[in-house]
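There are 2 protein chains.
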Amino acid sequence: MEETQRLADAIHEGNTEQIESVLEGLDSRRIARVVCALADADQTAMLTALTPEDAAELLEDIPDVEVIEAVSQLSPATAAAILHELPSDEQADLVGALDEEDADAILAAMDPAEAERIAQLVAHDPESAGGLMATEVVSLRRTATVGRVLDRFRKDADRLRRLDVQYAYVTEKPRRLVGVLRLRDLLLADATTRLEDLMIANPLSVSVTADLRELSNLFEEYAFLGVPVVDAEGELLGVVSRSAVDDATQDQAESDFRRSLGLVEEEVRSLPTLRRSRLRLAWLTINILLNVVAASVIAGYQDTLAQVIALAVFLPIISDMSGCSGNQAVAVSMRELSLGLIEPFELLRVWLKEASVGLINGVALGGLIGVVGWLYTGNAWLGLVVGGALGINTLVAVLIGGALPLVLKLRGIDPALAAGPILTTVTDMFGFFLVLSLATAVLPRLVG
Amino acid sequence: MEETQRLADAIHEGNTEQIESVLEGLDSRRIARVVCALADADQTAMLTALTPEDAAELLEDIPDVEVIEAVSQLSPATAAAILHELPSDEQADLVGALDEEDADAILAAMDPAEAERIAQLVAHDPESAGGLMATEVVSLRRTATVGRVLDRFRKDADRLRRLDVQYAYVTEKPRRLVGVLRLRDLLLADATTRLEDLMIANPLSVSVTADLRELSNLFEEYAFLGVPVVDAEGELLGVVSRSAVDDATQDQAESDFRRSLGLVEEEVRSLPTLRRSRLRLAWLTINILLNVVAASVIAGYQDTLAQVIALAVFLPIISDMSGCSGNQAVAVSMRELSLGLIEPFELLRVWLKEASVGLINGVALGGLIGVVGWLYTGNAWLGLVVGGALGINTLVAVLIGGALPLVLKLRGIDPALAAGPILTTVTDMFGFFLVLSLATAVLPRLVG
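Those protein sequence lines, which keep their order, are chains A and B. Here the first sequence stands for residues 1 to 448, where the numbers follow our numbering. Here the second sequence stands for residues 449 to 896, where the numbers follow our numbering.
Hints in this document: simulated from the structure, not taken from any laboratory. Among the hints, erroneous ones may be present.
Derived DEER-like restraints, expressed as beta-carbon distance ranges [what the hints assert, rightly or not]:
| hint | chain 1 | residue 1 | chain 2 | residue 2 | range |
| --- | --- | --- | --- | --- | --- |
| 1 | A | Asp125 | B | Pro560 | 53 to 63 Å |
| 2 | A | Asp197 | B | Asp599 | 20 to 30 Å |
| 3 | B | Glu548 | A | Pro344 | 33 to 43 Å |
| 4 | B | Leu787 | A | Ile413 | 20 to 30 Å |
| 5 | B | Asp599 | A | Asp64 | 23 to 33 Å |
| 6 | B | Glu501 | A | Thr273 | 53 to 63 Å |
| 7 | B | Glu669 | A | Glu100 | 31 to 41 Å |
| 8 | B | Asp659 | A | Gly378 | 46 to 56 Å |
| 9 | A | Leu150 | B | Glu662 | 31 to 41 Å |
| 10 | A | Leu359 | B | Glu501 | 35 to 45 Å |
| 11 | A | Ile413 | B | Glu669 | 34 to 44 Å |
| 12 | A | Asp64 | B | Pro535 | 48 to 58 Å |
Cβ atoms here follow ideal geometry from the backbone N, Cα and C, with glycine treated the same way.
Please construct the entire structure, taking both the sequences and the accompanying hints into account.
Written as structure tokens, this is what we have:
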């Protein structure tokens, strides 16, 4: 990539203007690409050369996992200066994702009051209201008039423009939230109106501990762009925006597919090979051990297999197809859970609904593979054995697959990550057992 | 569920007030559940009994696939009245998702001008700016003053509140877009200022044909809440909101996991059993045929298998593990494509990055299964055969898996849907071939 080369050259020459000019010509996706393609040392040199404002802006375009890598390579003073330029919620996300040692060094290099504020934010679960909120809010006194507030706004227009404010919050005493105003209400009101007569009193607010699901339900229920966050005393702490909640939900949804393959951390191919390999191997190693356990069922039936070698052709098919059917049921249950159409304790309801589909699909798939088995060996009994086994195992797989996300959720385990390996191990074992024990039972017919 | 029963009773009694009172007590997730649990005939009766406004509001809480079912059961006149109450973008989505016959009947029952407008919107790709935009916009003349506009706003406050407007657009001649105003700019300006002096001239706009990826890049690049949509002549057609783009992106991301299991349409368990079964079977049937093709490789080596039955234990393991490794690479490539970190033509780059990880993981996994094979049979050569086969096949699987999303994307095929079956078929065939041909080559050592 030509731009990467130009950027690397500018970095090596220490030519900050040239760095800026290369970056300015690129949109944010392109920036992500070009910066990820740089060597680690070049990323460090570039972030150090840029002004903290420019460096902070740059970081917003880069995948999180690369930001963490890059910031941990910076000197604490440089990192602190860049951190200072980020919005409060991003400060907390970044500090929370760093190694404790790196985080402490950077916070020590900041203004103590700001460091303390960030440390408090980091303490919140990143997927809670406290973790998603921005602390930059406009808070007004209830006794002020619209005219006075608008005057203040006009004087402070620059800061307000930067805040990208949608709502102003009305507080009394130090920080107790008593009302909310949309900016457009101010626009439609007379200058002499007092805020307390204009505001929506007792506004909806969320507790700082509210989780992502509560927040997402709330934004689904109401058309608000943001909602105030309060502590146990009702004091205003910040605001959670709809877009912060949407982004967090999207991150979670996007990664279902990756987590189902054991990719729990974000992998981009610019990360070091060993780290990428380790990330993938962790789950593969568990899987191969589960696979060995499942295949040990086959080992118990070597005599049968030796007499009916054709069965070996069907074992991988039954294993794969049962996994597919079961995983479909997993995906439907995960979807229904996220839409709120089922609750984790409604196993019976899921089973009733899966049993009918499992029976139909079991008959269809079992019938298909049974005919293949019959035609291939010329032995109808072999067709019956493999078809019957796949038919029954399809039903078993959808029942287990449909139930697993509910059970795992009840136990606080991530269904996207754990359902697949558990499902395929159980259905493999049961499928192998079915084929081989059925075959053993009718062995004279198969070898006859 | 108690509420479903109460709702069903109210519907059977034809007691509209009682229906409303049950629904009012529920939040939107609960409504989705309760309404999905109703029999189809009851859904129809309820939507007919409610006022069109209430029915339209209700539909916004229900999964799309159920909305389409329900609306297609209504009389065209009732459906038309409800449709009239929906925002323009939802009108178009719904009409576009209905059978052509149902859609035509409903449009025929509407005001011809509105029907014409909806038909025009439906013509746009639902994942383009035209498909995502709302046509409800505030458009102002460039020569108007801030004072006059604010007067007009105050008179029209009710309608404006409902629109949930963030921007006003400035047009000249009939509808040519020349500027944009944030509501807060009006708030901070003097009453005598003319809009043309206050507006941001030559504002950013998108073509009605812009696709989801362009829109999503644009909102990533700029902090706007909405962007105006124009036709080829630069005339203002509507506005695409950030949240409409976020929702569409999220729908797409969420369904990657489901599409990877062949669930191309949304399945909720309240749909008819046969429809659910058919939806799942379509993909399962293709898969089982691919599985039969892959397993036919095994059939070619029956003699070797008959002499070394233990190999049958390892065939399913090699099939499953190669699939897992390959699918991890698929997921990473899909992620990198969506982040813009790779372009579809950069096969070589992906292969270089995958080869290193594939080699390490191949050695690790092959080594592990090799030791298991050795210990289990007491024959080191068997360990070498199965370990070597899995090691090589792991490398092959990540190379194919990493490349597939790029190749499929270039050909306009959905990678989430097609990559899995293609990958596992190829890696199964190659894996079976490796184990069995290696075993055949050293057969005397294995049976010795």
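The hints, checked one at a time:
1. Between Asp125/A and Pro560/B the Cβ separation comes to about 54 Å, which falls inside the hinted range of 53 to 63 Å.
2. Under the hint 20 to 30 Å, the C-beta atoms of Asp197/A and Asp599/B, about 21 Å apart, fit the expected range.
3. Taken as a hint, the range 33 to 43 Å holds for the pair Glu548/B and Pro344/A, whose Cβ atoms sit roughly 40 Å apart.
4. Taking 20 to 30 Å as the suggested C-beta distance range, the pair Leu787/B and Ile413/A conforms, at roughly 28 Å.
5. Look at Asp599/B against Asp64/A: about 48 Å separates their beta carbons, and that is not inside 23 to 33 Å.
6. For Glu501/B paired with Thr273/A, a C-beta distance near 60 Å keeps the hint of 53 to 63 Å intact.
7. The hinted range of 31 to 41 Å is satisfied by Glu669/B and Glu100/A, whose Cβ atoms lie roughly 34 Å apart.
8. Checked against the hint of 46 to 56 Å, the pair Asp659/B and Gly378/A passes, with Cβ atoms roughly 54 Å apart.
9. A beta carbon spacing of about 38 Å between Leu150/A and Glu662/B agrees with the range 31 to 41 Å that was offered as a hint.
10. A C-beta distance of roughly 43 Å is found between Leu359/A and Glu501/B, which places it inside the suggested range of 35 to 45 Å.
11. Between Ile413/A and Glu669/B the Cβ separation comes to about 38 Å, which falls inside the hinted range of 34 to 44 Å.
12. Asp64/A and Pro535/B have their C-beta atoms about 34 Å apart, which leaves the hinted 48 to 58 Å range violated.
When held up to the earlier numbered hints, the structure conflicts with 5, 12 and fits the remainder.
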